[in-house]
Every structure is written in C-alpha cells, then in structure tokens.
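*Asks:* Okay, here's what each chain looks like letter by letter:
Number of protein chains: 2
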Amino acid sequence: MKIALVGGTGKEGHGMALRWLRAGHEVMIGSRDAARASAKADELRGLVGPDKKVLGGDNASAVAQAEVVVLSVPYNAHTATVQGLKAELAGRIIIDITVPLQPPAVRRVHLPPGQAAALETQTILGDTAKVVAALHHVSSAHLGSDHEIECDVLACSDDEAALETALGLIRDLGMRAFHAGPLANAVALESLTPVLLHITKHYKGSGVGIRLTGV
Amino acid sequence: MKIALVGGTGKEGHGMALRWLRAGHEVMIGSRDAARASAKADELRGLVGPDKKVLGGDNASAVAQAEVVVLSVPYNAHTATVQGLKAELAGRIIIDITVPLQPPAVRRVHLPPGQAAALETQTILGDTAKVVAALHHVSSAHLGSDHEIECDVLACSDDEAALETALGLIRDLGMRAFHAGPLANAVALESLTPVLLHITKHYKGSGVGIRLTGV
Chain A
1 MKIALVGGTG KEGHGMALRW LRAGHEVMIG SRDAARASAK ADELRGLVGP DKKVLGGDNA
61 SAVAQAEVVV LSVPYNAHTA TVQGLKAELA GRIIIDITVP LQPPAVRRVH LPPGQAAALE
121 TQTILGDTAK VVAALHHVSS AHLGSDHEIE CDVLACSDDE AALETALGLI RDLGMRAFHA
181 GPLANAVALE SLTPVLLHIT KHYKGSGVGI RLTGV
Chain B
1 MKIALVGGTG KEGHGMALRW LRAGHEVMIG SRDAARASAK ADELRGLVGP DKKVLGGDNA
61 SAVAQAEVVV LSVPYNAHTA TVQGLKAELA GRIIIDITVP LQPPAVRRVH LPPGQAAALE
121 TQTILGDTAK VVAALHHVSS AHLGSDHEIE CDVLACSDDE AALETALGLI RDLGMRAFHA
181 GPLANAVALE SLTPVLLHIT KHYKGSGVGI RLTGV
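These protein sequence lines are chains A and B, in that order. Be aware that the first sequence starts at 1, since it is given in our numbering, and climbs by one per residue. Be aware that the second sequence starts at 1, since it is given in our numbering, and climbs by one per residue.
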C-alpha cells in the first residue's frame with residue numbers, strides 16, 4: 001500500500017518506514033520541512049536499497065499520494081496538523097499514533113480536552129473520517145531495530161474496514177495486532193503509554209511493552 | 001495481615017479471599033447484608049480449613065477490624081459505599097479495584113465524573129487517605145481457580161508505603177505486581193478493563209489479561 005507518514009522524520013517514523021519498506025509497501029515521508037523529509041527518504045533508501053519506493057516532501061503532498069496516513073506528531077502539534085491537512089485527509093485511512101503526553105510529566109496520565117487525541121482527530125475531521133488509534137505502546141527503539149518486537153498492538157476505530165486495513169499493516173511491522181473496539185477506547189490505549197514510561201523508568205526496563213494473555 | 005473485603009460476597013472477593021487465606025492472611029468478608037457475609041465466610045472456611053481465620057459481617061464492622069481494605073463493589077454502588085464508610089476507612093490502606101463500567105456497554109471506555117473511581121475515592125476521603133488502585137485486569141474466574149494466573153497487576157497510588165504494602169499482598173495472590181506511578185494513572189488502569197472485555201469477546205478468549213515485556 002501507499003503509506004504517508006506525517007511527521008515522519010522522527011524516530012517512530014524511521015522505524016515504521018524501514019519495516020514497511022522491507023514488507024514491500026511504498027512510503028511517503030512527510031514533514032513541515034520538505035527538505036528534511038527528502039533527506040530522511042534518501043537515508044531510508046540507503047538502508048533498504050534502491051528498489052524500494054520511498055519519497056519525501058511536505059506533509060500535504062505526502063498525504064495526497066497515500067491511501068493510508070499515519071499521524072506521528074507530538075501532541076502539542078496534533079490539533080494544528082490535523083486542521084491544516086483536513087482537505088487532504090478526507091477519504092483516507094488515518095492511523096493516529098499520538099499520545100497526549102504533557103512534558104515534563106510524561107509518566108503521569110494527562111487526558112486532553114477531547115479525552116483522547118484520536119477522538120479529537122475524529123471531531124476535527126467529522127463523523128465520516130476513517131480514524132484508527134493504534135501503536136501507542138511500541139518504543140521507537142524497538143521499531144527502529146531489526147529484532148523481533150515483544151509488544152502487542154491494540155487498535156480501535158469506529159470504521160471496521162479501516163481498522164482491518166490498519167491491523168494488516170501493523171502485522172506487516174512484525175507485531176501481533178488486536179481489534180480493541182470502538183474509537184472511544186482510544187482513551188485507554190493512549191493513557192497506558194505514560195504508565196509504561198513510568199514502569200520503564202521505575203524498574204530500569206527497556207521500552208516496556210505489553211503482551212495479551214488468554215487470547 | 002488483616003484484610004477486609006468490602007463487597008466481598010462477589011466473585012472477585014471469593015477468589016481473593018481464598019488466595020489470601022491460603023497465604024496466611026486473615027480475611028473479613030464485608031457486605032451490606034451481614035448474614036450473606038457470614039455465609040460466605042463459612043463457605044470459605046469449608047474450602048481452606050478450620051485453622052484459617054475468616055469472618056463475615058456488615059461492611060463497617062469488617063473494615064473496623066482490618067489494616068487493609070479492598071473495595072470490591074459495582075461502580076454504581078461505589079460513591080455511596082465510600083461515603084458511608086468514610087469514618088471507618090480513615091487511616092487504613094484502601095485497595096480500590098473498582099472499574100467504572102457503564103452497563104450494558106461494558107466493552108466501551110466510559111470515564112466517570114472524577115476520571116477514575118479511585119480518584120473519586122481519594123476525593124471523598126481527602127488527601128491523607130491511603131488509596132491504591134489495582135487489580136482491574138484479572139478475571140474473577142482466574143482468581144477463583146487454583147491455577148497460576150497469567151496476568152500482571154499494575155498498581156498506583158500517591159502513598160508510597162501503602163503502594164508497597166499493596167504490591168506485597170498482590171504478589172501473595174500469586175501474580176507479578178508492578179508500581180505503576182501516581183494515583184492519576186488509575187485512569188489508564190481502570191479504562192483498560194473494557195478494552196480487555198472487548199478483546200475477550202471479539203476473539204472468544206478466556207479472561208484476557210496482560211503481561212509486561214521489557215521489564
């Protein structure tokens with residue numbers, strides 16, 4: 001599939017792009033800074049080989065070429081980014097991986113005004129937008145590595161077809177992916193991340209994640 | 001330790017009481033109906049043997065005899081229960097296992113007015129109350145069984161000493177227990193339960209739980 005990574009020059013974007021390119025997908029790296037996005041695309045091409053399709057550009061042009069869009073921006077840029085791309089996002093599947101952290105207290109749950117970033121995305125874009133919330137619990141260090149990732153991914157949406165597509169793409173990243181219910185459940189998925197960050201620090205762990213049992 | 005189970009005649013109470021009695025703790029079963037609590041205590045004594053200490057009574061008298069109190073009531077009785085026991089709960093360690101489910105939509109996240117039941121408990125009882133939120137993700141079927149429970153427990157509190165005591169008691173139930181940060185993080189712990197209920201139903205699982213990885 002053709003996947004745009006909005007805010008794709010960050011660490012999460014790097015790891016997802018690498019894994020999706022190796023799985024045979026096309027990746028468009030988006031950034032507010034088109035030159036940075038192009039440089040990241042060149043870097044990725046150097047890692048995966050010249051036969052893989054990866055391009056870089058500003059966020060709007062990256063989205064315009066994609067079937068699936070991954071929102072990977074810090075929460076303080078989230079609302080403005082979604083509002084600014086409203087026209088381009090229409091009709092596309094949007095995988096929102098945003099966690100509404102409130103630095104410096106990133107290990108304490110902070111609910112945003114709309115209770116979850118993904119719910120805010122849906123509100124901004126309207127009822128027909130195909131918003132999926134997912135990938136909140138995987139550390140960028142794991143995503144950017146070559147090793148197997150010991151973390152399950154929970155994904156939720158009010159659009160069943162979009163959710164099934166997202167679950168398939170997440171499996172292509174090399175992880176188990178589970179249907180986690182309606183988009184309202186994004187509150188639970190997003191708010192678990194500061195808890196995992198706390199546990200990682202408290203126990204001196206390394207990118208603490210979760211596995212489901214009994215399923 | 002002396003542990004009171006408020007609302008202890010339910011399925012969760014049954015399993016916790018069995019496991020704590022076998023670990024050598026004293027258990028007071030509390031209920032609005034003292035006769036039901038006594039009957040449950042008799043049933044438990046029949047299961048664990050006459051040398052174990054288990055009594056039943058109304059909630060207030062159960063709490064009055066305990067060092068640690070477990071709140072195990074449906075969310076619709078939660079506020080009234082905490083308000084009604086305010087005097088008895090003072091100074092005691094309170095493990096609040098309440099999940100603010102909103103039947104019949106129990107597989108969809110619903111945040112209560114105070115964002116989390118445990119935060120509502122703390123608000124009712126005041127800043128000095130020793131409230132720990134924990135044990136939201138373990139199904140009563142697993143608790144009531146003899147087998148090893150494949151589920152980690154996350155516990156959070158603003159009182160470090162109370163939290164350490166709770167972590168020890170949870171380990172005595174036969175599970176790994178982790179320090180999950182300040183009580184504000186109860187929002188994440190409580191809201192994950194409807195997600196696990198959804199996954200259990202969607203995948204026809206059996207009491208789906210979580211294990212931490214990377215720790």
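None of these hints come from the bench; they were simulated from the model. Among the hints, erroneous ones may be present.
Chain copies aren't distinguished; within one or between two, either way the pair holds.
Computed list of lysine to any residue pairs in SDA-like fashion (alpha-carbon distance at most 25 Å, straight line) [as the list claims (entries may be wrong)]: (1) Lys204 to Thr128; (2) Lys201 to Thr213; (3) Lys11 to Thr213; (4) Lys204 to Glu150; (5) Lys201 to Glu150; (6) Lys204 to Ala162; (7) Lys11 to Val215; (8) Lys201 to Gly168; (9) Lys201 to Arg211; (10) Lys86 to Asp146; (11) Lys53 to Arg32; (12) Lys52 to Lys86; (13) Lys52 to Thr79; (14) Lys11 to Thr123; (15) Lys201 to Gly57; (16) Lys204 to Glu164; (17) Lys2 to Pro74; (18) Lys204 to Arg171; (19) Lys201 to Glu160; (20) Lys204 to Asp159.
*Asks:* Each hint should be assessed against the structure and marked as holding or not.
*Replies:* Status of the hints after comparison with the structure:
Taking the shortest Cα distances, Lys204 and Thr128 never come within 25 Å of each other, neither inside one copy (43 Å) nor across copies (29 Å). Taking the closest pair of Cα atoms, Lys201 and Thr213 come within 25 Å of each other both inside a single copy (24 Å) and across two copies (14 Å). Proximity of Lys11 to Thr213 under the C-alpha cut-off of 25 Å is restricted to the inter-copy arrangement: shortest distance 21 Å between copies versus 29 Å within a copy. Proximity of Lys204 and Glu150 under a CA criterion of 25 Å is satisfied in both settings, with 17 Å inside one chain copy and 23 Å between copies.
For the identical chains of this complex, Lys201 and Glu150 are neighbours both inside a copy (18 Å) and across copies (24 Å), given an alpha-carbon limit of 25 Å. For a Cα distance limit of 25 Å, the shortest separation of Lys204 from Ala162 across copies, 22 Å, qualifies, whereas the shortest one inside one copy, 37 Å, does not. Taking the closest pair of Cα atoms, Lys11 and Val215 come within 25 Å of each other only across two copies (22 Å); inside a single copy the shortest separation is 31 Å, beyond that limit. Proximity of Lys201 to Gly168 under the C-alpha cut-off of 25 Å is restricted to the inter-copy arrangement: shortest distance 20 Å between copies versus 32 Å within a copy.
In this assembly of identical chains, Lys201 and Arg211 lie within 25 Å of each other by CA distance both inside one copy and across copies; the values are 19 Å within and 17 Å between. Neither within a single protomer nor between protomers do Lys86 and Asp146 lie at most 25 Å apart by alpha-carbon distance, with minima of 35 Å and 54 Å respectively. When the C-alpha separation of Lys53 and Arg32 is checked against a cutoff of 25 Å, the pair qualifies only within one copy, where the shortest distance is 21 Å, while the shortest distance between copies is 66 Å. For the identical chains of this complex, Lys52 and Lys86 are neighbours neither inside a copy (29 Å) nor across copies (65 Å), given an alpha-carbon limit of 25 Å.
Within a single copy, Lys52 and Thr79 get their C-alpha atoms no closer than 32 Å, and across copies no closer than 58 Å, so neither meets the 25 Å cut-off. Taking the shortest alpha-carbon separations for Lys11 and Thr123, neither the intra-copy value of 27 Å nor the inter-copy value of 39 Å comes in at or below 25 Å. In this assembly of identical chains, Lys201 and Gly57 lie within 25 Å of each other by CA distance neither inside one copy nor across copies; the values are 36 Å within and 42 Å between. Proximity of Lys204 to Glu164 under the C-alpha cut-off of 25 Å is restricted to the inter-copy arrangement: shortest distance 18 Å between copies versus 35 Å within a copy.
Proximity of Lys2 and Pro74 under a CA criterion of 25 Å is satisfied intra-copy only: 23 Å inside one chain copy versus 47 Å between copies. Taking the shortest Cα distances, Lys204 and Arg171 sit within 25 Å of each other only across copies (20 Å), while inside one copy they are farther apart (28 Å). Taking the shortest alpha-carbon separations for Lys201 and Glu160, only the inter-copy value of 16 Å comes in at or below 25 Å, while the best intra-copy value is 36 Å. Within a single copy, Lys204 and Asp159 get their C-alpha atoms only as close as 38 Å, which misses the 25 Å cut-off; across copies the closest is 21 Å, which meets it.
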